[in-house]
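Asks: Sequence:
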Amino acid sequence: MKIAQLEMNGPTTELEELKLVSSKYPVRITKYYKSLIKEKNDAIWKQSMPSLKELEDSGLTDPLSEEHDSPVKCIVHRYPDRVLFYSTSECAMFCRFCTRKRKVGKTNTVSEKDWNEGFEYIKKHPDIRDVIVSGGDPLTLSDERLDFVLSNLRKIKHVQIIRIGTRMLVVNPDRITDKLCSILKQHHPLYINTHFNHPDEITYESSEACNKLANAGIPLGNQSVLLKGVNDDIETMKLLMQKLLVIRVKPYYIYMMDLVQGASHFRTSVQAGLDIIEGLRGHTSGMAIPQLVIDAPHGGGKIPIMPDTISSREKGEVILINFENKHFSYPLE
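Just so you know, we're using our numbering here: the sequence shown kicks off at 106 and counts up by one.
By construction, these hints were calculated from the structure, which means they are not laboratory data.
Computed from a predicted model, the values in this text were never measured in an experiment.
Built from N, CA and C at the ideal position, the CB exists for glycine as well.
Check the hints yourself; a few may be wrong.
Subject to a maximum C-alpha distance of 30 Å in a straight line, what follows is the list of computed DSS-like cross-link-like pairs (lysine-lysine) [said to hold, decoys possible]:
| no. | residue 1 | residue 2 |
| --- | --- | --- |
| 1 | K228 | K139 |
| 2 | K290 | K333 |
| 3 | K284 | K343 |
| 4 | K139 | K431 |
Here are the simulated distance ranges between beta carbons [as the list claims (entries may be wrong)]:
| no. | residue 1 | residue 2 | range |
| --- | --- | --- | --- |
| 5 | Y435 | E249 | 23 to 33 Å |
| 6 | G404 | R259 | 35 to 45 Å |
| 7 | Q265 | G406 | 31 to 41 Å |
| 8 | D413 | L120 | 47 to 57 Å |
| 9 | K178 | E144 | 17 to 27 Å |
| 10 | E340 | M392 | 17 to 27 Å |
| 11 | S247 | Y435 | 48 to 58 Å |
| 12 | A377 | D162 | 11 to 21 Å |
| 13 | K178 | G406 | 15 to 25 Å |
| 14 | M392 | E422 | 46 to 56 Å |
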């Protein structure tokens, strides 16, 4: 993985300000992702380059209360039948909107001892059937260490499904090698959720990475975040979702921005998210329409929100509104 050198040209005061941001919120960008930047302040720039706006707000350091729901260091257990397995603190790139901004670039390494405590926790909770391997980014681990994690999870009989959350396909697609794919397909049923936010991130390289994984029999899903000035308009989101399907990635979620400290400038209104879903519904394939969710603050979990398609309930029938704003009746029983 090649990390790009940041070349910040400009007045001394501007350079000092950028250093000030990076001293609180570290900066890292891969050479590949940097090569996608077309101009300053485009969608790729905004996701990867530091901004003074990061220092202007007092959001929540742990907006989802993950620490509260962490019984051992590498486990977040919020839902009855699934846990998040925190495999590493490393990321290929430090996304400026990251919900775990409190951990980015810090020395909170995850050790094999921490992993083993996580495995033991899962073994003692037979209701856990689904494990999401997260981070950081699990694909920053070596092939051998990733195989170690997946193998130990597979040994737990009540774990039915393993999911990996990664942005490596977007920021460093060369990580998806034939060797990696041969390791991953030994651990089926295995799913990968990735994180494309903008159509410009879908390139020949990222498409090839997705195809390799799909050819290894791994279903791919995408979780986007709604970001002001990046993807908060219908046409951008529609193009993104359509291009994802072409590379065999199923749109899964669009997240409203978490209330994370240092990222409030990315937040849009809830109505903006609803407008996008309404603009997709009926205007593109149903397969291209993800679920819009708010990951509720203070550990409330993911809550779906959607445009109101029910006009009224009256006289034993429900009045529905379609994508053309036409009304139709359907019996309640």
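Asks: Run every hint past the structure and note whether it holds.
Replies: To see whether the hints hold, each was checked on the structure:
As the CA atoms of K228 and K139 are separated by approximately 42 Å, the hinted pair breaks the 30 Å bound. With a C-alpha separation of about 37 Å, the suggested pair K290 and K333 falls outside the 30 Å cut-off, and the hint is violated. Between the alpha carbons of K284 and K343 the distance comes to roughly 34 Å, so the proposed pair goes past 30 Å and is violated. About 46 Å separates the Cα atoms of K139 and K431, which puts this hinted pair outside 30 Å; it is violated.
Distance hint check: the CB atoms of Y435 and E249 are about 56 Å apart, inconsistent with the given range 23 to 33 Å. For G404 and R259, the hinted distance range of 35 to 45 Å is not satisfied, since their beta carbons lie about 29 Å from each other. A hinted range of 31 to 41 Å for the beta carbons of Q265 and G406 is inconsistent with their spacing of about 20 Å. The given range of 47 to 57 Å is respected by D413 and L120, whose C-beta atoms sit roughly 49 Å from each other.
The hinted window of 17 to 27 Å between K178 and E144 is violated, with their beta carbons roughly 42 Å apart. Our hint of 17 to 27 Å for E340 and M392 holds, since their Cβ atoms are close to 18 Å apart. Here the CB-CB span from S247 to Y435 is close to 55 Å, well matched to the stated 48 to 58 Å. Judged by the Cβ atoms, the range 11 to 21 Å given for A377 and D162 holds: they are separated by roughly 19 Å.
With their beta carbons about 21 Å apart, K178 and G406 fall inside the hinted range of 15 to 25 Å. Judged by the Cβ atoms, the range 46 to 56 Å given for M392 and E422 is violated: they are separated by roughly 30 Å.
In this structure, the earlier hints numbered 1, 2, 3, 4, 5, 6, 7, 9 and 14 are contradicted, and the remaining ones agree with it.
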